[in-house]
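Letter by letter, the chains look like this.
2 protein chains.
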Amino acid sequence: MSADKLIQKLIEMKNPTIAGLDPLAEYLPASMIKSDNLHDKAQAILAFNKALIDVLCDIVGAVKPQSAYYELLGWEGIRVLHETIIYAQNKGMYVVVDGKRNDIGSTAEAYAKAYFETFGADGLTVNGYLGTDGIKPFISAEKMIFALVKTSNKSSGDLQDLKLENGITVYEQMGQLVNNWGSEFIGKCGYSNVGAVIGATYPEQLAEMREKLPNTFFLVPGYGAQGAGAKDIKGAFTKGLGAVINSSRAIMCAYKQQNLPAEKFAEAARIEAVRMRDEINSVI
Amino acid sequence: MSADKLIQKLIEMKNPTIAGLDPLAEYLPASMIKSDNLHDKAQAILAFNKALIDVLCDIVGAVKPQSAYYELLGWEGIRVLHETIIYAQNKGMYVVVDGKRNDIGSTAEAYAKAYFETFGADGLTVNGYLGTDGIKPFISAEKMIFALVKTSNKSSGDLQDLKLENGITVYEQMGQLVNNWGSEFIGKCGYSNVGAVIGATYPEQLAEMREKLPNTFFLVPGYGAQGAGAKDIKGAFTKGLGAVINSSRAIMCAYKQQNLPAEKFAEAARIEAVRMRDEINSVI
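One line per chain: the protein sequences are A and B, in this order. Residue numbers for the first sequence, in the numbering used here: 1 to 284. Residue numbers for the second sequence, in the numbering used here: 1 to 284.
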C-alpha cells in the first residue's frame with residue numbers, strides 16, 4: 001500500500017513533516033531570475049526547488065508541490081512541476097501533488113492518470129464534494145489520495161461546520177465518506193490509501209477526527225505561516241503516527257524569519273526543517 | 001460584467017449551448033496521430049480542437065475545455081490547452097476552463113491569476129467546499145466563475161443532497177453562498193459573475209434552483225452523453241435566458257452516433273450542434 005510507503009519514509013526520517021513546494025518567483029533571490037518571461041521564471045523556480053530538495057532530502061521524507069503555483073507559469077510551469085516530482089523521487093522523497101482535483105467519474109479517471117501515470121506522483125489531494133463516483137477512480141493500492149475534510153482557512157466553516165439533520169457536521173460526514181472509500185485499501189501500518197486533509201488551525205476538530213477515523217492518515221496544513229504551532233497538531237497523532245504536517249512558506253521563506261539574505265534560502269530552509277521536526281517530535 | 005459578455009454571445013448566436021472540448025486521443029481519427037508520444041498526441045488534439053472550433057464558431061458562442069484531458073498529456077497538453085483558448089477567443093468564442101479549482105485564499109489567488117491572466121480564459125469552474133475566502137480571489141467584474149452546486153453525476157447526492165439542520169440541503173446551502181458571492185457583480189442582463197454548475201441529470205433540482213437563484217447563471221452539464229435531454233433542461237431557463245447547456249462527447253464524437261468515419265468528426269459535430277441548438281430552442 002502506498003500509505004505504508006509514506007509512513008515508512010516518515011519513520012525512517014524520524015520526521016512526520018512534508019515540505020510544501022509552493023514557489024512564487026518573488027520568494028527567490030533576484031539573481032536567480034534571468035528575465036520576467038515565463039520560461040525564465042519557471043527555470044528559476046526549478047533551480048530553487050532542486051536546491052531545497054538537495055538540502056531537505058536527508059531530513060524530510062516527503063514534499064508537496066502545490067499545483068497552482070506551477071499553473072501560474074503556464075505550460076512552462078507544468079514542465080517544472082513534472083521535473084520537480086522526478087527530481088524529488090530520485091532523491092528518495094515521497095511526492096504528493098496538491099491539486100485538490102475533483103470531477104465526475106470519467107474525468108476523475110483522466111485526472112488520476114494525469115497525476116499518477118503521466119506525472120508519476122505518489123499522492124494527490126482531492127475534493128470529495130461530488131461524492132463516491134468522483135473519487136473511486138483515484139483509489140488504488142499503488143497510490144494515495146488525501147480528501148479535504150476540514151480545511152485550514154478561516155472560512156472553512158461556511159459549509160464544513162454546518163450541522164446535518166443526522167446531528168453531525170458536513171466535515172464529519174465527509175470524514176465518514178473518506179473512511180468508507182479507504183476501507184479496502186488499509187496497509188500494514190493500519191492506515192488506508194485514502195487520507196484526509198484537516199487543518200492544524202482547528203486543533204479540536206483535528207483531535208476529534210483522529211479519534212473517529214483510526215484508519216485514516218491525515219495531511220495537516222496550517223502549521224507555520226498560517227499560524228498553527230506544535231501544540232495544535234498534537235491531537236493528530238496516536239503513538240507517534242497518524243499524520244504528516246505540512247509547512248510551505250515557513251520553510252521556503254525561512255531566510256526572512258532568520259534575517260538572512262534570499263541567497264541563503266536553502267541553508268535557512270534546512271535550519272527551519274530541523275527546528276520544525278524537533279518541535280513536532282517533542283510533543284507527539 | 002463578464003456574465004453580460006457571455007449572455008450577449010449566446011443571444012447573438014441564438015444558441016444557449018457551450019461545446020465541451022474534452023478530447024481523448026482515442027476520439028481522433030488514427031491518421032491524425034503521428035505517434036504515441038505525448039507531443040504528437042497533444043499536437044493531434046490541438047488540430048482536432050481547431051477543426052471543431054472552425055466548424056462551430058459561427059453557431060456556438062462558447063467552448064469549455066476540460067482541464068483534466070490536457071493535464072493527462074503533461075506540459076505538452078497544457079501548451080495545447082493554452083493554444084486552444086487563444087484560438088477559440090480569436091474566433092470570437094467565450095472560453096470557460098473547466099478546472100473545478102479550489103484552495104485557501106493565497107493559493108486561490110494563484111489559480112485565478114493562472115487561468116484569467118496567464119491563460120487568459122473568460123471563465124473558470126470552481127469548487128466552493130472551502131468557503132468564502134477560497135472563492136473571493138476568483139471574483140471580479142472582468143471574469144466569470146461557475147461554482148459546483150448540484151453536480152450531474154450519480155453519486156452527487158452522497159454529500160450534496162443531505163439535509164442540514166436548518167432544513168435545506170447542502171446543495172441549496174451552496175446555492176445561497178453562490179448567490180451571496182455574486183451579489184456585488186450583477187450585470188445588465190440581471191445575472192452575476194458567479195454562476196452555478198447544476199446537472200441536467202437532476203431536472204427537478206435545476207428548476208427549483210432557477211426559482212431560488214434568479215441572479216445566478218447556470219452552467220448545465222449532463223446533456224447528451226450523460227443521458228439528459230431537452231425536456232430536462234427546460235427548468236433552467238426564464239424567458240429564454242438563465243443557463244448555458246454543455247455537451248462534450250455528444251458533439252466531439254458525433255461521428256459515432258451518425259455512423260460516419262472518424263475523419264468526418266468536424267462535419268458530424270456541426271450537425272449535432274445544430275440539432276442540439278434547435279432542440280433546446282424548441283423547449284425554452
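These aren't lab readings, by the way, just hints derived from the structure by calculation. One or more of the hints may lead you astray.
Since the list can't tell identical chains apart, any single copy or any two copies may satisfy a pair.
To be verified - With a Cα cut of at most 27 Å, we get these calculated BS3-like pairs of lysine-lysine:
| no. | residue 1 | residue 2 |
| --- | --- | --- |
| 1 | K212 | K113 |
| 2 | K113 | K239 |
| 3 | K34 | K50 |
| 4 | K163 | K5 |
| 5 | K136 | K5 |
| 6 | K256 | K113 |
| 7 | K163 | K212 |
| 8 | K136 | K163 |
| 9 | K154 | K136 |
| 10 | K136 | K50 |
| 11 | K188 | K163 |
| 12 | K34 | K113 |
| 13 | K234 | K113 |
| 14 | K34 | K136 |
Quick check: which numbered hints come out false for this structure? 1, 2, 4, 10, 11, 13 and 14
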